[in-house]
Amino acid sequence: MFEWIISILLLIGGCFILVGSIGLVKMPDFYMRLHGPTKATTLGMASLLTAAMVFFSTTQAGLSIKEILISLFLLLTAPISGYMMIKSAIHHKLDCIERTKGIDNIEDDV
Amino acid sequence: MTLLWIPLISLLGSIISSMTGKLTRNQSTGLTLLMPVIALLMTINLAPAVFAGDVIRETFTWIPLLGIDIAFRLDGLALLFVFMILVIGILVIFYARYYLSSNDSMPKLYAYLMLFMTAMLGIVISNNVIQLWFFWELTSISSFLLISYWWHKSEAREGAIMALTVTGAGGLALLAGLLLLGDIVGSYNLDVILASRDIIHAHAWYEVTLILILLGAFTKSAQFPFHFWLPHAMAAPTPVSAYLHSATMVKAGVFLLARFYPALAGTDIWFIIVSFTGLATLLFGAYVALFKHDLKGLLAYSTISHLGLITLLFGLDTKLAAVAAIFHIINHATFKASLFMATGIIDHETGTRDMRKLNGLWRFMPYTATLAMVAAASMAGVPLLNGFLSKEMFFAETLHQQLLGSMSWLIPILATIAGAFAVAYSARFIHDVFFNGDPIDLPKQPSEPPRYMRVPIEVLVALCLVVGVVPNFIVDDILTAASVAVLGGVVPEFKVALWHGFNLPLMMSAIAVSGGLLLYTQRRHLFKFHDSLPSLNAKKAFDKILFAVMKWSEGKINAIENGSLQRYITLMLLVVLLFASWPLFEMSHLGGEKQLTPIDVHNAMGAALLMIGAFSTVIWYHSRVISLLMLSVVGLMVSIAFTRFSAPDLALTQLTVEVVTVILLMLALFFLPQHSPRESSSMRVLRDIGISTGLGIVIASICYALVTRPLDSISEFFLANAKTGGGGTNVVNVILVDFRGFDTLGEICVLGIAALGIYKLLANLPLLIPDRDSEGRPWAKERYPMLLASISQSLLPLALLVSFYIFLRGHNLPGGGFIAGLVTAVAFILQYIAHGSNWIAERLTINYRKIIAAGIAIALFTGVGSWFFGRPFMTTWFEYFDIPLIGEIELASALIFDIGVYITVVGSTLMILASLGQLTADEPKGEVKI
Amino acid sequence: MLETVMLIVFAMVGVSLLLNVWRLLVGPSVPDRILALDTMYINSIALIILYGMSMGTTLYFEAALLIAMLGFVSTVAVCKYLLRGDIIE
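Residue numbers (our numbering), protein chains in the order written: chain E, 1 to 110; chain L, 1 to 930; chain X, 1 to 89.
Hints were generated in silico from the structure; no laboratory data involved. Note that the structure is a prediction, hence the values are computed from the model and not measured. Note that the Cβ used here is the ideal one computed from N, Cα and C, for glycine as well. One should not assume that every hint holds.
[What the hints assert, rightly or not] Subject to a maximum C-alpha distance of 27 Å in a straight line, what follows is the list of computed DSS-like cross-link-like pairs (lysine-lysine):
1) K39/E <-> K66/E
2) K101/E <-> K495/L
3) K319/L <-> K495/L
4) K26/E <-> K101/E
5) K544/L <-> K556/L
6) K495/L <-> K93/E
[Claimed, not checked] Restraint ranges, calculated between C-beta atoms of paired labels, are given here:
7) F861/L <-> I22/E: 50 to 60 Å
8) I65/E <-> L4/L: 58 to 68 Å
9) F671/L <-> R99/E: 39 to 49 Å
10) M55/X <-> N838/L: 41 to 51 Å
11) M55/X <-> S790/L: 36 to 46 Å
12) W4/E <-> I702/L: 41 to 51 Å
13) K93/E <-> K556/L: 51 to 61 Å
14) K93/E <-> L808/L: 31 to 41 Å
15) I22/E <-> R849/L: 46 to 56 Å
[As the list claims (entries may be wrong)] One-sided excerpt, in silico: chain E residues whose CB lies under 10 Å from chain L:
16) V25
17) K26
18) I65
19) L69
20) Y83
21) S88
22) H92
Extracted from the complex, chain E is given alone in its bound form (with noise of 0.2 Å):
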């Protein structure tokens, strides 16, 4: 029973994961790059590490938590780390293919 909710969560953490990398390499440009890994990475990460808790909380005495921090640190600072990377990525005035949108909203901060 466990072992069949552990794999599901690994395998779909897994995916994501590869998801998110794939699409760092596939993406065009930069602003469509920064998707795979923020968004799916992440997801993944969290899937992963509730497969975790279950698998400890199932296997070692007591109730496993601490998985949960590593999901609180990921899920706050991905968006940062996001937000920063494309802050830096309009500062250098990246180039992108026409189909990305937004990119007129994105006001000159020089």
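Given the coordinates of chain E, work out where chains L and X should sit on it, guided by the hints.
Here is chains L and X on its own, set in the frame of chain E:
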């Protein structure tokens, strides 16, 4: 414990008197006097035992493996010197109270004087020659401080440097000699050395050892040709001169002669070197003293001359000569100290020490004049005074020697001539200053000094008189005891008495006195003759030599250290390459007998990533930010490798250090060019590739050879003892805070020092702050992005919780003070990044320097704490407590030590990063900060 | 079954890491590389968690926690460097 306390009390006195700055002068003097008086009482208490023939010993084990103990020994000779040092020290301190003007810092002088007293006491009662040398050097250093007391005067500084250079160089020679001596005897213990006379004399190194030790003694005692520092040391305040040049500093040299007399003397080479040096010094000093117009200059050369006399006596091959030498040490100390003090009074009351101006002072200060005249008469060797007695003994001993073979009769003649000069300069001291017409435009109207300023002189002059009239009454016991110590038990019959009947020495004295008076009355001709001699300026010659030596060494240093970091690293790596590859070539097989573990996908991938990271770091080194990112990959992969191979402590440390390093590098990069120019020639690149490849191959081979062989390491011991001995299950942490706690203490001290150094170096450093990045983009306007600022702030408690958790579990599970400290530091750095220095400064008014000091203090006192329980330094205490509801918890003193580590790490890291960040805190961009 | 799944996820995370390194090497811009490094940090956490699970120990948990925390600080610091040059002002 008494002997240890004698120098310790005096050291305590130095500390106490340095803190009396806010007290009145009388209170300061009283407090300072207290300590030597206590020490004197303790010595008096010990004296009867020493007079009875005992040698009092005390030994504390220090470094038994090297034969170095803290050992003290009080025999007759040491007792004599301890008395002299303390009594004259007390008088000098009392005298200095009235001598110093209100502009001079009294606590400073007292602290230096007491420090010097400590050093002298340490020399005379040491029972270990290395310890003796330590105190010897301490006298050089403290006398440097004393001579340069009026540091605003250039002659004081120059005199201090000269004294330090000469006596310091002699100290090095002495160290070499003592090490050789210890090697010959097989022990540094003075008792053993003094008992090994025959071994030492028979040894092939005897001559070298003797010359080295004598060099130490002669430089300290200002023997010709090393005498020149002494007159220049007269730039010191007069109380200092009175102390250094009567009873202590220069007497340390003759003390050394006396101390090693039983072990080293008795050979021809000893007699030749010691007696001729002494004779030359005696004559030279006596001659020059007459022509000095400066009162202190006259006394300086007379001191040189008397030291020569003592040295000469040690060099004469009779036992009575050694007794006479010891007797003269006492007498010289009393009359010379009082003369210096009288000179100080004259200088103090008239404003000058020039004998061409000082005349007829008898009318203005008859009382002081009387005292000075008695002391000067003692210096001249006039009967009824102590100087006469030892001079008589000296004259008598010069008659019993065969130094020059058949020409030995010359020695008494030369001694009489020196005696005559002594009478002449003493007569000049008396007549020129106190009589001989009227004073010539003195800066001040002379008068008698304050009543109590004369007290020390009165005491000393009274001593001169009493010893001179009834010698047996005062000095018999101490002189016998000291002679027993010097001569090794067998003391010849000697009779110190005023009247020996009409004999040859008395006649020599009579000739010396009348000859001296004749010389003085005919001084005009003599001065003319002396002026026509070519003058040799010792100071100029000394400066010239010193300058040449400095220039030479500077040239050598510049040749090696040319400021090119690449060059240093190249040389360093080449040396490493040479030494590391050597054993590899001697091995027949690289691989050992152990089987290799099969490689799996994970390890292969990790290794590949690590290599990619390392290569990329090098390839992109021109673009520094990218290179830094690649370096982060290396750090990340290394910490994953640590995790993979079960070293979680290392992984945690690696991670935290990695991030702090990256931040540090970025702080520094801001001030550096963003791109490093390609200026290396192809040959250079080729050379660098060669060196690094070679080193890589060698290190990899060593690693391979090491891991394929069975390793017998110390780790088994740690694993077995961590829980039972240190009370923790995390062996790494127990090693850090317990087994190797002393190392850790040293390391956090180094960390603290490094942080302070960086703080100091960065203070007021002018740096060009670039206003745009390498591609010409101006910086973004938003300093502190709001999202970052608010989230960072909310992360702080979380991060502190994590560091607290890592700290607490450190003793039993991966973690500990060092990692926790870095985590805390990183958490605060994040606040610095998000909010800026000023924001932090408003909210966190902590002085990082104090934090570092507190951390080191906590760690140190935890270590010291185990002393109170009778255990060696840094013994860990731990106990398990059963607390209801919470369960069993462990309390260990190592935890407190770890708190010290934690605090030091936090303080140092933040101080380094924050002071780098502070460089730009208040500055608008694009300006040069001054 | 769990072992098989773990091996699969191990492989996925490993491939992700290789893809991250690819982006890190190719760039082309500095923010691209920062992003790749940041993703590498996160994927390393995944790797360590998985490793801890396969070993059945929570001993490596702190390493994962610290990477989560310190990776963020390092990413933010580099971004601030690109934006302002001076990271502590």
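Each hint, compared with the structure:
1. Taking the CA atoms of K39/E and K66/E, the gap is about 22 Å. The hint holds against a cut of 27 Å.
2. The suggested pairing of K101/E with K495/L is violated, with an alpha-carbon distance near 116 Å, which exceeds 27 Å.
3. Of the supplied pair hints, the one linking K319/L and K495/L holds, its CA atoms being roughly 13 Å apart against a limit of 27 Å.
4. Proposed proximity of K26/E and K101/E is supported: the alpha carbons are some 18 Å apart, at most 27 Å.
5. Proposed proximity of K544/L and K556/L is supported: the alpha carbons are some 18 Å apart, at most 27 Å.
6. For the hint pairing K495/L with K93/E, the CA-to-CA distance comes to about 105 Å; that exceeds 27 Å, so the pair is violated.
7. Range check, F861/L to I22/E: Cβ separation about 58 Å, and the 50 to 60 Å hint holds.
8. For I65/E and L4/L, the hinted distance range of 58 to 68 Å is satisfied, since their beta carbons lie about 60 Å from each other.
9. Between F671/L and R99/E the CB atoms are about 41 Å apart, so this pair conforms to the stated range of 39 to 49 Å.
10. M55/X and N838/L have their C-beta atoms about 47 Å apart, which keeps the hinted 41 to 51 Å range intact.
11. At roughly 38 Å, the beta-carbon separation of M55/X and S790/L lies within the given 36 to 46 Å, and the hint holds.
12. Judged by the Cβ atoms, the range 41 to 51 Å given for W4/E and I702/L holds: they are separated by roughly 50 Å.
13. In this structure the supplied range 51 to 61 Å holds for K93/E paired with K556/L, their Cβ-Cβ distance being about 55 Å.
14. Between K93/E and L808/L the Cβ separation comes to about 48 Å, which falls outside the hinted range of 31 to 41 Å.
15. Taken as a hint, the range 46 to 56 Å holds for the pair I22/E and R849/L, whose Cβ atoms sit roughly 51 Å apart.
16. Checking V25/E against chain L: minimum C-beta separation of about 15 Å lies over 10 Å; hint violated.
17. Look at K26/E: its Cβ only gets to about 20 Å from chain L, farther than 10 Å, so that hint breaks.
18. Violation of the interface hint for I65/E is found here, the shortest Cβ-Cβ separation to chain L being roughly 13 Å, above the 10 Å cut-off.
19. For L69/E, the interface hint holds, the least distance from its beta-carbon to any beta-carbon of chain L being 7 Å, beneath 10 Å.
20. The beta carbon of Y83/E comes within 5 Å of a beta carbon in chain L, closer than 10 Å, and the hint placing it at the interface holds.
21. For S88/E, the suggested interface contact is upheld, since its CB lies about 8 Å from the closest CB of chain L, less than 10 Å.
22. Checking H92/E against chain L: minimum C-beta separation of about 7 Å stays under 10 Å; hint holds.
Consistency note: the structure conflicts with the earlier hints numbered 2, 6, 14, 16, 17 and 18.
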